[in-house]
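Chemist: Take a look at the letters that make up each chain.
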Amino acid sequence: MTIDELLAQLDEILKRAEGHFADVTKVADLRELELGYIGKKGFLAEVSSELRNLDPEARKVVGEALNSVRSKIASYSESARDVLVAKETEERIASEAQDLSEFLVRKTDRIGSIHLISQTRAELEDVFVGMGFVVEDGPEVESEWNNFEALNIPRHHPARASQDSFFLEFGSANSVLLRTHTSPTQIRVMSTQPPPIYAVMPGRVYRRDTADARHTPAFHQIEGLVIDKRINFAHLAGTIDTFTKAYFGPNKTSRLRPAYFPFTEPSAEFEITCTICDGTGCRTCSNTGWIELGGCGMVHPNVLVSVGLDPEEWSGFAFGFGIDRCAQMKHAISDARVYLDNDIRFLSQF
Amino acid sequence: MKVLLSWLSEFADFYSLDKEGGPDEISDALVKTLADAMNNLGLVVEEIDKVGGNLDAVFVAKVVEIEAIKGADKIRRVIVDVGDKGEIQVVCGAFNFVVGDYVPYAAIGAALPNGLTIKAAKMRGVDSFGMLCSKTELRLGADSSGLMILDRALILGTPIAEALSIRPDVLFDLAIEANRPDANSVIGVARDLAAHFRLPFCQPMAVSFDVGKDDSLKLARVTDLDLCDRLLLARIGDVSKLKIKEFVPLRLELCGMRSINPIVDASNYVMLELGQPTHPYDATKLASGVVSVRAAKPTDELVTLDGVVRKLASDQRDGFLDIVIVDSKDEVVGLGGIMGGESSEISDSTESVLLEIAHFNSSTIAKTSKRLQLRSEASARFERGVDLELPPIALARFCELLDTSPSAVLEVVPLAFEPKRVKLRFERLNSYLNHEFMIDEVKGLLEPIGFGVVPMGADLSITVPSFRPDCSIEVDIIEEVARHYGYSKVDKLRLNPPQVGGLNRRQKLRREIRGFARDNGFYEMWGSSMLSPTEHSPFGISDQAVALSNPLAREESVLRRSLLPSMARALVRNSNRQITPIRLFEMGKVFEPRVTEEGLPLETERMAFLLTSPESATDEMTRILGLCFGFFKLPQPILDSPTVLHEESIMTSWPILHSTRSAAVVSNGTPIGVLGELDRDLVATLTSNTTKDRVAYLELDLGLIFAQLPGAVQAKAVSAFPPSEFDLAFLVPDSVGAQEMVNAVRSSAGEFCESAYLFDSYKSKEMGEGIKSLAVKIRLQNPNATVTDTEIQDAIARIASDMDMSFGAKLRTV
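Which chain is which? The protein sequence lines are A and B, in order. Start counting the first sequence at 1; every next residue gets the next number (my numbering). Start counting the second sequence at 1001; every next residue gets the next number (my numbering).
Chain A extracted, bound-state conformation:
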């Protein structure tokens, strides 16, 4: 074939290729088309095989044209591939459409919940841990010694009646009981660990109270105990205040007022800024702006003596309050008896 014929053929191949590559619809067809033009047995290979019949001058001219057509066809193929891949991806994605919201509204596995009391207890513990306290556990069934005697509450003391206890048919009469407070754990800690002691004792306690909106026969308390050299009433007031601000909020404050407990002297009740009205006065706080949270005081020397500590060398303070009550205050639970039901509709709220 002549050089002109070859060049014309190349033109024609290029024109045809442009059409073919524009019409191709699937990536899978593209490879075949490519082979048909620029493969070993493709149209261009045919032209190429003619080259050896040309003189060097003409070979050069046709060769260059051939290369140019090849690279143009390659670029048609590449553009077509880009378009097709994009289109196919788009179609695949469209076909995979999901309404994800469906999975949110199905009755499927749900997260459970940690009991409100456990959550509250952990929050309280964390506050004290942050203040440098450790957490101590003790048994729920206690000896009369740990629960009363060692705490300076002798047998006929009126405080025993006020903490009406559940005694057990175990050992000699009235010697074993369900602890009425977590204070016996303080006795255990002081009896077994040398001071200094900086510890909180949370746990379940029992009082012989008929259940009503504010009482359940079993409830939870957290107490704190500090025993060290030269611990004074100002440390107690400071600790209560630090706790109040950390747990109830920086705008809350605390105050102490005289009270009586056999195991502390001086003793105090501690009150905090009313959490409902922030101190301006409301029904909850009987318009005083304060709500009573718990009891505290300097550990009574008789208690220190009962655990073998010298009150001249060591001093300390203790405090305690209700975990259930904190939870009730924070979460607007008007009736404590709801804790006894274990109704999942209640449990799942927290």
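These aren't lab readings, by the way, just hints derived from the structure by calculation. Here a beta-carbon is modelled for each residue, glycine too, at the ideal position from N, C-alpha and C. Treat the hints loosely; a few may be bogus.
With a Cα cut of at most 27 Å, we get these calculated DSS-like pairs of lysine-lysine [claimed, not checked]:
no. : chain 1 : residue 1 : chain 2 : residue 2
1   : A       : 252       : B       : 1489
2   : B       : 1032      : B       : 1135
3   : B       : 1492      : A       : 245
4   : B       : 1032      : A       : 252
Label pairs and their computed distance ranges (CB to CB) [claimed, not checked]:
no. : chain 1 : residue 1 : chain 2 : residue 2 : range
5   : B       : 1604      : A       : 209       : 18 to 28 Å
6   : B       : 1616      : A       : 337       : 34 to 44 Å
7   : A       : 28        : B       : 1508      : 54 to 64 Å
Computed, partial: chain A to chain B, Cβ under 8 Å [claimed, not checked]:
no. : residue
8   : 128
9   : 171
10  : 196
Knowing the structure of chain A, use the given hints to seat chain B on it.
Modeler: What follows is chain B alone, placed relative to chain A:
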């Protein structure tokens, strides 16, 4: 303890604190100042009631006509004469009055102290132009059972406040702590308050009476000074002529005591004011008109004022002893310090009174009062401790109120009071309260409340007044200093603990376990530790449990031995309310009737899971068990026959579950819990057929798990070579447990076996009766090389032959 502002003010001029009002118009600011002070002194104000006010439109009226209303049996038509206001018709619901009685009438428009505003009304067609009032409606007493009946000497139409000389007053209801017997009296509260405000305090005094040569009381005796260490007797005559000071009945009523007659009122008034109980006897009802004090004898009996026959006794061995008051014939006429006898009660015809003013042993009174279940105002005071120096002061006050003098007085046991002295070290005081106190400051705080302060070297010697039995050691005095210095003035110091705070490993784990349960869809519950005595046995647990000596109810009378019974209560509760599915979790204590070294019942900690499902629930629960062990980083437990839990006596507190769908959970050779389904019949009975779901249960001993926890995990290098995985299926007899089989495959697969787990289990007719197919996926991993084909083929051959030998399991061609 109820105290009136006017009464308190007899001892110190609290009205002078009022910058805005005065005795006739008490400002809110004064009430607040006083209430704050009382709270700050530890005399907690529980209620404040303004009394004696808002009586402007209430008048003295006389009942002139009473008539029934047709068809109404709770109300009547009453005509009252209100003096210059004429006769007025009202409808009244009270029935305690007759024609001629004088009663308070509230006119239309009257705004009563109880908040009620009187309006014209029509009831059952009858017009009512006002209201006749009870004491409570007027805040003039606690009696709301009927109308207040007035003295017929009053002038009709007079405003009631004017007629009864009532002035506005404030009633404080205080909660007095057990260690403050002195504050159980008006004088005690006034003393504390006066000191707080630095107001002069007027201390009432004893009076010496000129009684001539009357020695009629000389027969009086006290046989046991331990029971009664002071006894003052006084005879008062011409009783019918005595009039009591006019403010007494109203104050008593306002403080919640009924006014009865001048003698009884004077006795009660002295008790409320000074804290000294006294007892008046009709002297003519006493042999020789005199009384003595002795311990009760086993045959003693007394009909007390409340009409109840009391059997009295003394038994030193049992530690109880009753104190009785007897006349000269040894007839029991009173229960000392608690209640007088009916036979010598003061009546309208009483002419001669013997007044007994004594100081009794507080713990003796407490024991008798508790044993007889008889508490009185007197016993409550003696129990806490009455001021030994009060009797002559009380006598003087009693006589003053009645404007009389005794005809005879005898101090049977004279006073032998030696005040306590307590050393107060400045160093200690200052260190405790974080303040540098000066001697004058301490004197200024303690002397106004009756303490003596004398320097003793560098320190102080404190004399404790007779009315403060609660103060006996240095810290007690420090508390008194703090109380009057002001708790709120004490600095707030930050602690500086020489340690790092934190939770120990178990405490952290308990929190994480709760998170684990929550994340697996369980709701943490709080089960009752106290159960009914028959609540264990339905679950196969022995009912032999630690019992409460004094339960509130039978349903809560023994301690739980397993978490299941209380969890079953929650199951029932939720199931009865159609809540489904139920997934509950609890971590809590159980109690065994076995004695520990400490002499206490064995207390252990457990955790339990319960879930319901319409199909099989145990598969899900077993999955939870597996996750749980993974959570603890413990090797998977062995599921053994439930009987291993009951072989040892320690394990008798585990429930017995569905006999073919349960297992004992064994970890490292120790049975630590139970897993399985609750029998359907039992569930149906418990829930009254409210659920058809299956119920699975898992309970584990947390203490035993904690004891097995591994230490810090030592890292193993992760292999850089590819693992090889292959599946093997076996035909296995039904009797072979899947866990047993897979564990055997794992060990047979050799040291390179990284995992072997069951991925399919099924049965078909073609395989024959009693045969199942178990398919296991095995993964081999050589840390140092790629596992070769030969190694794999060797492993397969070894596993196939081992399974055949151990279980008769045949390898199927995959």
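Chemist: Check each numbered hint against the structure and report the violated ones by number, ascending.
Modeler: none
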